[in-house]
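Fit chain B to the known structure of chain A by using the hints.
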Amino acid sequence: MNRPSLAPPTRPPFWRNATFLKWAAQIGVLFGVVALGYVLIGEAAANMRAQGLSLDWDLLTDPPGIQLGEGIFVKPDTGMEAFYTGAVNMLRVAMSGILAATVIGAVVGIARLSSNWLASRLATAFVETVRNIPVLVQVVFWFFLSSILFPVLQEGSSGPIPGLLLVSRKGISFAWPFPQETFWQWGVFLVVGLLTARWAYRTRMRRAEEMGEETRPLTWALLIFLAWAIVGWFAHPLAGAVGWLFGLLAAQVGAIPVLVYQVMLALAALYLAWRWIHRFLESRRSPAGLAKLTDDDYFRMILAGVLGTGGAAVLLLWPGITELGANVFQALLEFCDQKFDFLRTGAPLAIGQPSVEVPGRFAQIADTGMTMTPSFFGIWMGVTLYTSSFIAEIVRGGVLSVPKGQTEAGYALGLRRGQLLRMVILPQAFRVILPPLGNQYLNLSKNTSLGIAVAFPEMVQVGQTMFNQTGDTIQVILLWMGFYLTISLLISLLINYYNRRAQLVER
Amino acid sequence: MMENGADNPIIVCENVKKWFGDFQALRGVTTSVAEGEVVVVIGPSGSGKSTFIRCINRLEQHQEGRIVVGGTELTSDVRNIERIRSEVGMVFQQFNLFPHLTVLHNITLAQVWVRKRTRSEAEERALELLERVGIPEQAHKYPGQLSGGQQQRVAIARSLAMDPKIMLFDEPTSALDPEMIVEVLEVMRELAKTGMTIVAVTHEMGFAREVANRIVLFDEGQIIEEGPPSEFFTNPRHPRTKLFLQQILSH
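The listed protein sequences derive, respectively, from chains A and B.
At the far end of the first sequence sits residue 1148, using the working numbering, and the numbering has no gaps.
At the far end of the second sequence sits residue 1047, using the working numbering, and the numbering has no gaps.
Excised from the complex, chain A in its bound form:
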C-alpha cells in the first residue's frame, strides 16, 4: 500500500503557540491584579493622607463612648467589645432565623403540594403575600406591630401565661432554661450521648437492612440519648476529669518552645501541598496509566507547590504568627479547664421566669427570663418569614423536580408512601434543593443588616454608631466587609461540602 507521507511536524513561533499564550495569559492576569491592587491602595492611602484621614485601628481599643440597645456589652469599654456585641447579635438573628426559616419553609412548601385543599391554599396565600412585600417593610411592620398590639408594661404585668410568657411593648419575655456553671460538665455527657445515639441509630439501621426486620432505630437513638442526659444530670461532676485533661494539655502547650511548632506547622504545610499534588496525580491515573497532563494540570500543581513552600517559609521566618496561635490555643484550653471541676455540683440548667422590675419611674422587664426585645422581634420575624417563603418555593420545586415515574416505580414495587418519600423522593429532591437553599441562607444572613432600621444593635448599626463617634469610616466599612464576607464564605463552604457529597454519579 502506498501511504501518503506526512511532512515532519513544525513548531509554531511562540506568539502563535497556544500553550505559550495560555501560560502568558495566566501570569499576565496575576501581575495585572497585583499591580492594580498596588496602585489603588497606594492612591487611596495618598488621598487619605492628603485629607488628614488616618488608617489606624485605634477605634478598636479606644473607649467608644456609645451605648447599645442589647447584647453582651451594653456599655462597651472598647470598640472591639462594641463590634463583638454587634457580631454576636447578628449571629443570634442569623442562626435562629436560618433554623426557623428552614422549618417553616419546608412545612409550607410541602403543604403547598398537599392534596388537602385548605392546607395548600393557605400555604399559597402565605408565600404570595410574604415574598411580594419588601423585606425592609416587613421588618418595620413587625417592629411597629409589637408596639401597637402588645399591652403596655406595668408593675403588675404577668403576661398571657403567668410565669411562662410575658408579652408587652418592651418585649416578649419567656421562661427559659439558663445554663449554669455546671452546664459544661453536663455538656460532656450530652456529646457522648449524641455520639452513642448516632452509633446506635446506624447499627439498628444496618440491622434493619441486613436482617429485614423492624428495629426502630430512631426510638433507640432517642432513648439512649435521654439515658445519657438523665445520668449526666446527676453524675456530671465526674466530667471534671475532662477539665484535668484540658489543664494538662494547656501546660504542655505552654512548655514546648515556639520553634518546635513552627517546624511542625511548616512541615504540615509542605505535607499538605505534597498530598494535594499526589492526590491530584492519582485522580488523573487510570488502570491504563497516567493520563496526559494538560497545561492547566501543571499550573495547578505548581501553584499548590508554591503555596505550600510559601506557607512553610512564612511560618518559619515569622515566629509571631505561630506564637499568637499557640497562645490563643493555650488560652482556649485554660478557658475550657476552668469550666470543669470535680467539686462543682448543682443542676446544669435553671429555669428563669419572666418578671417585671421598676428601678425608677418606669417598669421594665427584669433580667430573669429570656427576653426578645421589639427590635429583635422585628428583624427576626421580618427576615425569617421573608426567607421562609422563598425556601417554601425551593422545597416545592425540589419535590416536583423528581420525575413522576420515580413515584410510580416505587409504588409498583410495593413501597409505602413513607418509605418512598424517605428513600426515593427526598434524597433526589435534596440535590436540587441544596444550592438555592444555600443562597437563601446567605440572603438571610446579609438581610440581618436591616436591623439598623429598627435600632437592633447588629454589626451595621454598631458600626454606624461607631463611625459617627470616631469618623473612622474606612475602617468600619472594611470591618463590615470582612465580617459579612467571612460569615458568607463559611455558609457557602458548608453548603458546598454537602452539595458535593450529594451529587449524582452519571457516566
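Simulated from the structure, these hints should not be mistaken for laboratory data.
Be aware that one or more of the hints could be misleading.
Subject to a maximum C-alpha distance of 27 Å in a straight line, what follows is the list of computed DSS-like cross-link-like pairs (lysine-lysine) [to be verified]:
#1 Lys663/A <-> Lys933/A
#2 Lys961/B <-> Lys1045/A
#3 Lys1045/A <-> Lys813/B
#4 Lys813/B <-> Lys961/B
#5 Lys716/A <-> Lys1087/A
#6 Lys813/B <-> Lys1038/B
#7 Lys937/B <-> Lys912/B
#8 Lys1045/A <-> Lys937/B
#9 Lys961/B <-> Lys912/B
#10 Lys937/B <-> Lys933/A
#11 Lys912/B <-> Lys1045/A
#12 Lys989/B <-> Lys961/B
Quick partial rundown of chain A residues pointing at chain B, CB under 10 Å, derived from the structure [claimed, not checked]:
#13 Ala1050
#14 Tyr1052
#15 Ala1053
#16 Gly1055
#17 Gln1060
Have a look at the derived ranges for each label pair, beta carbon to beta carbon [as the list claims (entries may be wrong)]:
#18 Gly1046/A <-> Glu831/B: 24 to 34 Å
#19 Pro1044/A <-> Arg1005/B: 32 to 42 Å
#20 Ala971/B <-> Ser1133/A: 32 to 42 Å
#21 Ser970/B <-> Leu934/A: 40 to 50 Å
#22 Glu924/B <-> Arg925/A: 32 to 42 Å
#23 Pro1044/A <-> Gly991/B: 29 to 39 Å
#24 Glu1006/B <-> Gly1046/A: 22 to 32 Å
Note that the structure is predicted; figures quoted are calculated from it, not measured.
Virtual Cβ for every residue (Gly too), placed ideally from N, Cα, C.
The following block gives chain B in isolation, referenced to the frame of chain A:
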C-alpha cells in the same frame, strides 16, 4: 390455549371505566388473563392501552367496573392495593430506575423493605437476576452510567426480584435504540418461557406474533378485537383491526 383466559383467570376485568376530567379513557373494558398467559396489548396512541394496564396495579384508579387480581379485588382498601402491588411487577417505558442508588441497591431496596429479606439474601437474589438478564458486571454502577437497554434490563430484574406472579410491561422498548430493543425483547422472551403471566403493551409485532398467546387491540378506550396471533394477524374480523394492521405492517 384458552381464547379468553376463561379457566383459572389471574386477572379479571369487568366493564372497567376511567375518565381523565371529561375525557373518557376507558369505555368499559371486560377481559381476563389466565395464569401463565402472555397477552400483548396493541392499539393506536391514545387508545387507552397504557391506562388499562396501569389500572391493574392501581397506578391509575378506575372509576367504574371491577378489577380482581389473584383473587383480590382492587378497591380503595389500602391493604388490597398493597397486596396486589406486591404480586404484580411493572416495567416502564422510561425505566424509572432510582438514579441515586447503584444497580444492586435498586434491586435490593424493595426486597429488604417490602419483602423483608435480609440484605445478603437480597443481594444474592439481585446478582442471580442480573446474571439472568445478562449484565452481572454492572452491579456496582449507577443507572446513569448504563445504556438504555442495560437500564431496562435492570428494571426488569428489579421487578422480578419481588417474585411477582404477574409482570406488566408498558411499552418497554419504545425509548430504546434498535440494537437495544433486541436485548430487552430477548429477556422478555426468556421470561415468557418460564411460564410467567405477562401483560405487555408494545409495538413490537415480531415479538407479539412469536411469544403472545393472545393479542388484544384497543381503540378509543375499548377492546376492538382479541385472539391468538395466528388468527389475529392473518384473519382479522373487525375492519378497525384490518386498518390498524395495514398501518403498522405496511412499512
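Results of checking the hints against the structure:
no. : hint                                : verdict
1   : Lys663/A <-> Lys933/A               : 17 Å, holds
2   : Lys961/B <-> Lys1045/A              : 25 Å, holds
3   : Lys1045/A <-> Lys813/B              : 23 Å, holds
4   : Lys813/B <-> Lys961/B               : 25 Å, holds
5   : Lys716/A <-> Lys1087/A              : 25 Å, holds
6   : Lys813/B <-> Lys1038/B              : 26 Å, holds
7   : Lys937/B <-> Lys912/B               : 24 Å, holds
8   : Lys1045/A <-> Lys937/B              : 23 Å, holds
9   : Lys961/B <-> Lys912/B               : 18 Å, holds
10  : Lys937/B <-> Lys933/A               : 26 Å, holds
11  : Lys912/B <-> Lys1045/A              : 26 Å, holds
12  : Lys989/B <-> Lys961/B               : 14 Å, holds
13  : Ala1050                             : 4 Å, holds
14  : Tyr1052                             : 6 Å, holds
15  : Ala1053                             : 4 Å, holds
16  : Gly1055                             : 4 Å, holds
17  : Gln1060                             : 5 Å, holds
18  : Gly1046/A <-> Glu831/B: 24 to 34 Å  : 29 Å, holds
19  : Pro1044/A <-> Arg1005/B: 32 to 42 Å : 33 Å, holds
20  : Ala971/B <-> Ser1133/A: 32 to 42 Å  : 39 Å, holds
21  : Ser970/B <-> Leu934/A: 40 to 50 Å   : 44 Å, holds
22  : Glu924/B <-> Arg925/A: 32 to 42 Å   : 38 Å, holds
23  : Pro1044/A <-> Gly991/B: 29 to 39 Å  : 33 Å, holds
24  : Glu1006/B <-> Gly1046/A: 22 to 32 Å : 29 Å, holds
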